[in-house]
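For this one, chain A is given, so just place chain B on it according to the hints.
Listed below are the residues making up each chain.
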Amino acid sequence: MIPVSKTIDADVVIVGGGIGGAMAAIAASESGAKRVVVLEKCHVKRSGSGATGNDHFSCYIPEVHGDDVEPVLTALMNSLVGQAKDVELMRLHLLESFDIVKKWEEWGINMRPLGRWNFQGHALPGKPRAFLKFDGRKQKAVLAEQMKKHGVTVLNHHPVVELAKENGRVCGALAIDASTPDPSFVLVSAPCVILSTGLTHRLYVNGTTPNYLFNTAHCPNNAGGQALGWRIGASMVNMEIPYTHAGTKYLQRAGKATWIGVYRYPDGKPLGPFVTKPDPEYGDVTSDIWNSAFLDVMHNGRGPAYLDCSENTPETLAYMRKAMFDEGLSALIAYMDAKGIDPARHAVEFTRFEPILHGRGLDVDKNGQTTVPGLYAAGDMVGNAGCGLGLAAWMGWRAGHAAAADAANSTGSADLASNPAIKAKMELLSSFMSRNIGAEWQEANIALTQIMSDYANVGPYNVRSETLLKAGLGYLAQLREETNASMKASCSHTLMRAAEVLDLFDCAECIMRSALERKETRGNHKRSDYTFTNPLLADKMLDVTRKDDGSVVTSWRNMKH
Amino acid sequence: MPPVIDPSKCVGCGTCADICNSNIFVFDRSRDKMPQVKFPEECWHCDSCVLDCPKGAITLRIPLAFTLLHVDAGSLKPQEAKS
Chain A
1 MIPVSKTIDA DVVIVGGGIG GAMAAIAASE SGAKRVVVLE KCHVKRSGSG ATGNDHFSCY
61 IPEVHGDDVE PVLTALMNSL VGQAKDVELM RLHLLESFDI VKKWEEWGIN MRPLGRWNFQ
121 GHALPGKPRA FLKFDGRKQK AVLAEQMKKH GVTVLNHHPV VELAKENGRV CGALAIDAST
181 PDPSFVLVSA PCVILSTGLT HRLYVNGTTP NYLFNTAHCP NNAGGQALGW RIGASMVNME
241 IPYTHAGTKY LQRAGKATWI GVYRYPDGKP LGPFVTKPDP EYGDVTSDIW NSAFLDVMHN
301 GRGPAYLDCS ENTPETLAYM RKAMFDEGLS ALIAYMDAKG IDPARHAVEF TRFEPILHGR
361 GLDVDKNGQT TVPGLYAAGD MVGNAGCGLG LAAWMGWRAG HAAAADAANS TGSADLASNP
421 AIKAKMELLS SFMSRNIGAE WQEANIALTQ IMSDYANVGP YNVRSETLLK AGLGYLAQLR
481 EETNASMKAS CSHTLMRAAE VLDLFDCAEC IMRSALERKE TRGNHKRSDY TFTNPLLADK
541 MLDVTRKDDG SVVTSWRNMK H
Chain B
1 MPPVIDPSKC VGCGTCADIC NSNIFVFDRS RDKMPQVKFP EECWHCDSCV LDCPKGAITL
61 RIPLAFTLLH VDAGSLKPQE AKS
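In order, the protein sequences belong to chains A and B. Taking my numbering, the leading residue of the first sequence gets 1, the next gets one more, and so forth. Taking my numbering, the leading residue of the second sequence gets 1, the next gets one more, and so forth.
Chain B extracted, bound-state conformation:
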């Protein structure tokens, strides 16, 4: 579930936890080196954390249930009659 923080890039600045539109992060600086995604199911994929992370350490993983349904545009045409 989104977002995913790359521990090799995160510098523990806490920006994502501070600005998250859904308050889904918890960052206990006395205990953790980087914010924890504590309430992932409350992410609405607004992308704020991705955009504001100064190190580009965050990506969103869109859940399978949210798959974007699509087809080849060329398939949108009358189907051939079956003989």
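This is chain A alone, in the form it adopts within the complex:
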């Protein structure tokens, strides 16, 4: 058995020290929680998708936008982060977002690189712009420093692999101490847990490099939060609504709105109707609106599609280059420089990436409270309250304050090691470490991506159906059984990856069970057996919940306006 090296009592435990988790930790401390513990898989200074930067923060600033938030809300709801979200929460986010922005500026993050509040990108011409252009290069270092100043205990290299529940309430977490090659378990008892593990990749065959799992547009190490919530019985929402990002090919990068150019066919004609010349104010929003644009042009033979920035002035190109650093694209810039790829002279091919869980996951209220008492969530793994940096920061802030108040009246587990879920996970992971011959985690992960891409894939060029999804669930059950019986790990790192694969299995099951229940076609959830979009479901959200006995229940609720 892997030994237990530490047991910790906390008031609020935060799983993941990215943008949402860091804000939650600082807020919980400000609200009076004495023992705030962040369990971070990597290192809070560089973890998550915001590791090296971001340049757009969803935000409403009255002095810029005017007194009416509604036009900005409409713009945000029409953006990538607004798909199928509760309008009520998105509005509240906007109304409170400027306070967060001012806080970040006070802490030392450059929110006005041009000396003024500047909104650009991910926007339609003539419409309000909802994304504040900022310089996020220092964001993680600044938030890490703030956590330190607030007395937050940060345990880096401590991935969380299970949560515990007692009397219907969350009561603690099990982490692996992966700071040394030999793993040990760390038990953290707490009455409140805030999940903020980011988005989830590695569920489908990679969209640009099928032979590589980690060529991703965002952090690929985040599998966890949705699965932790799912296993403990929190309701999940929007898991069946596919999200796909797009960007450069073959090297996957996010940040397409940081580019200032025009998407063009090989004959030079623009793909979309929105811009014909590069425009720093709006970028080219075509692929936000026409999600399958880059796939369509390959399937109809008119492609490939390129992003052409060559008509910019040298000043605009210099501005774009600087913004790419702000966005965290320094690796891409270094690569392009080394290869002589110059946006002034070259057009870069763009493509759509594989489906990910981004803004799909836990169903929360305005405080990030999930349907399990004591369990909160913030950031990209929340299903109904937006995603992206601004929403993560805002929801983390609210969740931290709410959890601190909640913790004042509750207690964690008195005997976490005896909790059935914790005990079972410790035994399973220990069995992986005791096995000399068996399956590597990569085998199980790749097998999962094959199943998902064959039986639960997304439109417009793949379909889902009852027979496909049921077959997929059957194959997933077989894979899970065989993996549990045969996976091996040789060190704390491979054990962490093995635990991630178990989490990915749960995410996959939740996706397929949700997709089965949504008996219509909506967006890229394309059902061959229900080819229509049901207007009666237009204002509804699908909640899917795993009960303690392992059964799964589904229910529909009204979208909150």
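Check before you lean on any hint, since a few could be wrong.
Unchecked claim - Some chain A residues judged to face chain B by a derived CB distance under 7 Å, without partners named:
| id | residue |
| --- | --- |
| 1 | T52 |
| 2 | R264 |
| 3 | S310 |
| 4 | P314 |
| 5 | Y335 |
| 6 | A347 |
These are calculated hints, taken from the structure and not from any lab test. Note that the Cβ used here is the ideal one computed from N, Cα and C, for glycine as well.
Quick look at chain B alone, frame taken from chain A:
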């Protein structure tokens, strides 16, 4: 595969191993003078190690399969009809 550490510049501070977004380094100070890139295929090229190395000793080598596809922008125009 990325990242690549220049042994002539590395001072063995271990920063890269500590902050790596994917935990791909292993640094056994009792055995090694510099961190080892033990799980290179799990790098997603976030650039954290490059940015944080105090000696500028790290570069990323992007794999061939990740080549950035591009053309001369001037070629994006109607093709001449062949006679």
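Here's how the hints hold up against the structure:
At a threshold of 7 Å, the smallest CB-CB gap from T52(A) to chain B is about 5 Å, leaving the interface hint in force. Evaluation of the R264(A) hint against chain B yields a held restraint, the C-beta minimum of about 5 Å falling below 7 Å. Because the beta carbon of S310(A) sits about 4 Å from the nearest beta carbon in chain B, less than 7 Å, this interface hint is met. Because the smallest distance between the Cβ of P314(A) and any Cβ of chain B comes to about 15 Å, over 7 Å, the interface hint for this residue is violated.
Restraint check, Y335(A) versus chain B: the minimum CB separation of about 5 Å is within 7 Å; hint holds. The beta carbon of A347(A) comes within 4 Å of a beta carbon in chain B, closer than 7 Å, and the hint placing it at the interface holds.
Of the numbered hints stated above, the single one contradicted by the structure is hint 4.
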